[in-house]
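Chains X and W supply the protein sequences, listed in that same order.
With the first sequence counted from 1, adding 24 to any position gets you my numbering.
With the second sequence counted from 1, adding 2 to any position gets you my numbering.
You may find that some hints are simply not true.
[Unchecked claim] Listed next, with one range per pair, are the computed distances between beta-carbon atoms:
#: 1; chain 1: W; residue 1: 74; chain 2: X; residue 2: 203; range: 20 to 28 Å
#: 2; chain 1: W; residue 1: 47; chain 2: X; residue 2: 203; range: 52 to 60 Å
#: 3; chain 1: W; residue 1: 74; chain 2: X; residue 2: 218; range: 55 to 63 Å
[As the list claims (entries may be wrong)] In silico lysine-lysine, DSS-like type, Cα no more than 30 Å apart, as pairs:
#: 4; chain 1: W; residue 1: 5; chain 2: W; residue 2: 92
#: 5; chain 1: X; residue 1: 302; chain 2: W; residue 2: 92
#: 6; chain 1: W; residue 1: 7; chain 2: X; residue 2: 297
#: 7; chain 1: W; residue 1: 7; chain 2: W; residue 2: 22
#: 8; chain 1: W; residue 1: 92; chain 2: W; residue 2: 115
#: 9; chain 1: W; residue 1: 115; chain 2: W; residue 2: 22
#: 10; chain 1: W; residue 1: 22; chain 2: W; residue 2: 100
#: 11; chain 1: W; residue 1: 115; chain 2: W; residue 2: 93
#: 12; chain 1: W; residue 1: 93; chain 2: X; residue 2: 297
#: 13; chain 1: X; residue 1: 297; chain 2: X; residue 2: 253
#: 14; chain 1: X; residue 1: 163; chain 2: W; residue 2: 92
#: 15; chain 1: X; residue 1: 297; chain 2: W; residue 2: 100
#: 16; chain 1: X; residue 1: 253; chain 2: W; residue 2: 93
#: 17; chain 1: W; residue 1: 115; chain 2: W; residue 2: 100
#: 18; chain 1: W; residue 1: 92; chain 2: X; residue 2: 297
#: 19; chain 1: X; residue 1: 302; chain 2: X; residue 2: 253
#: 20; chain 1: W; residue 1: 93; chain 2: W; residue 2: 22
#: 21; chain 1: X; residue 1: 146; chain 2: W; residue 2: 7
#: 22; chain 1: W; residue 1: 5; chain 2: X; residue 2: 297
#: 23; chain 1: W; residue 1: 22; chain 2: W; residue 2: 6
#: 24; chain 1: W; residue 1: 93; chain 2: X; residue 2: 302
#: 25; chain 1: W; residue 1: 115; chain 2: W; residue 2: 6
No wet-lab data here; the hints were simulated from the structure.
All C-beta atoms in this analysis are idealised placements derived from N, C-alpha and C, irrespective of residue type, glycine included.
Now for the letters of each chain:
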Amino acid sequence: VRPKSDRVWTIRHWPRPLVLALCGLLIPGIGLVDYLTGMEASVTVIYLLPIALGTWALSRRTGLLLAVASVLVWLIVERIQAVSYSHPLIQCWNALTLLIFFVVVVLLVSVLGRSYEWLEEKVEERTAELLSEIAVRSKAEADLARANAELSQSREDLMHTLADLRKSHAALQDTQLRLIQAAKMESVGRLAAGVAHEVKNPLTTIMMGIDYVEQLPQARDEATAGVLKEQRDAVLRATAIINELLEFSTPGELHTQPEDLNAIIERALGLAKYELTKRHVVVARELQPDLPALPLDRNKIEQVFVNVFINALHAMARGGTLTVRTYATPAKPNANADAAADAQGAGQDRIGASVEVDDTGPGIPEEHLVRVFDPFFTTKAPGKGTGLGLSIVRQIVHMHGGTVDLANRAAGGARVTVRFFTTGAERS
Amino acid sequence: MTKKKIMAIDDEPGVTRLIKLNLETTGLYEVLAVNEPESALAQARQFQPDLILLDVMMPNLDGGEVAAQIGADPALQAIPIVYLTAAVTKKEVGPQGKFSGGRRVVAKPITLKELTDCIEATLQERGPC
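This is chain X alone, in the form it adopts within the complex:
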């Protein structure tokens, strides 16, 4: 229902005593004016004003009473004026006619009032219905908004869960790959140790046999000496392969101490100098001078970079440029030791170092990129490589807690990126 404050303030809402007093004053007032001015008969309709007011504002009964009162006042005024045709019977007849007229008016006003009330009730009912519908709709909208919010939240939760699941799946895949890799490496290690032992004994026999034959007089002619030299070279090559296998399967312990990474790289470049010169490869150094000292096994890291450089050289058959770049890098996230280093004032960006080795060769075919660190994977001609060089690189770098990646560069050629962290060797 519409609140009272919202209702239109009409004459029907006037206070009852006020309306009665107004009507009570109007009727004698009109009679007095009638007496003083001698109004025309037609003007007597002015009495309808209080009658209609009383009927409309109060009730039909009040209207009838006011009609009777008006007729009585009119009759009294008529009697006092004593007009020429004022025969009592005629006056009574006129009064009766007037009363009937007033009563009809009262009835009409009353009907109009009731219709007005009925309409007003209907309007109020409809308004109440509309307000109720609006309230229901508002509630439904609020419910819908809440449901939407819950749905959005659920969707967000679902997306988070999905992202977590994807992350877990990726981590699981990584772990699985590492497990497969570890199992493979273990098999390779066992195989390598066995092969090394079984092959080295026959190699010893062959080597000693060559030594023996070389001392015989028949070995002094040029052809025999050439054959024996080739045999010796073959034994030495086979021995080198076996030694690589052994090294791969039993990399030994790390003997780390704080090292200058740039100095190790310079020594590795020195070791590869002969090959660099022979293959007409120019070295471009971009070494950051103030790298943090890193806990490294100098000999093993030298071996890492010699392998990386030789691998890059083999990709540049017609010469080229070997770019070696070093720079400080942020430490691994979530490493407690890194936090300790920060607490001691070491900048987070100073506690690791990266090395990039770029070649200007043809790059690595995409399908080979995932296998380059696999043991025995090689794209070189048979007898030209064991496929263990980069495997050993990765093994040694991992022993230091570092990472190694190989990727093609947009400008052409390949890039090997090796990263070391101050906490890597401590963990290993």
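Place chain W on chain X using the hints.
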């Protein structure tokens, strides 16, 4: 000049045969080849070598056990023993070998020159053996 007596113990007959052939060809050594490590102690007592070349990984009795038996014999314990093994690389021990646990360890395969250098160096040192 008295020839140095070398005892070569290896389960691989080809290895001991070639060691014997090569060393004896130099005219400086007399070599006894032993392919059954179980009989090494008895043969050593009989042969009384100046130096023993000993393989490490052998079936039934490995080089370490043979060395322990020889070291426990008062008549033999002063004889220097050189381990000749495929378990190490030249990169690890160098061409002349490396002392480990008081004994020289040499990597296979080995050339005649490396072997004679090693034998001579060990015979001159004698100390740790």
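Evaluated hints:
no.: 1; hint: 74/W - 203/X: 20 to 28 Å; verdict: violated, 46 Å
no.: 2; hint: 47/W - 203/X: 52 to 60 Å; verdict: holds, 54 Å
no.: 3; hint: 74/W - 218/X: 55 to 63 Å; verdict: violated, 31 Å
no.: 4; hint: 5/W - 92/W; verdict: holds, 28 Å
no.: 5; hint: 302/X - 92/W; verdict: holds, 26 Å
no.: 6; hint: 7/W - 297/X; verdict: violated, 46 Å
no.: 7; hint: 7/W - 22/W; verdict: holds, 11 Å
no.: 8; hint: 92/W - 115/W; verdict: holds, 14 Å
no.: 9; hint: 115/W - 22/W; verdict: holds, 14 Å
no.: 10; hint: 22/W - 100/W; verdict: holds, 23 Å
no.: 11; hint: 115/W - 93/W; verdict: holds, 17 Å
no.: 12; hint: 93/W - 297/X; verdict: holds, 20 Å
no.: 13; hint: 297/X - 253/X; verdict: holds, 26 Å
no.: 14; hint: 163/X - 92/W; verdict: violated, 88 Å
no.: 15; hint: 297/X - 100/W; verdict: holds, 29 Å
no.: 16; hint: 253/X - 93/W; verdict: holds, 22 Å
no.: 17; hint: 115/W - 100/W; verdict: holds, 17 Å
no.: 18; hint: 92/W - 297/X; verdict: holds, 23 Å
no.: 19; hint: 302/X - 253/X; verdict: holds, 23 Å
no.: 20; hint: 93/W - 22/W; verdict: holds, 26 Å
no.: 21; hint: 146/X - 7/W; verdict: violated, 135 Å
no.: 22; hint: 5/W - 297/X; verdict: violated, 46 Å
no.: 23; hint: 22/W - 6/W; verdict: holds, 12 Å
no.: 24; hint: 93/W - 302/X; verdict: holds, 24 Å
no.: 25; hint: 115/W - 6/W; verdict: holds, 16 Å
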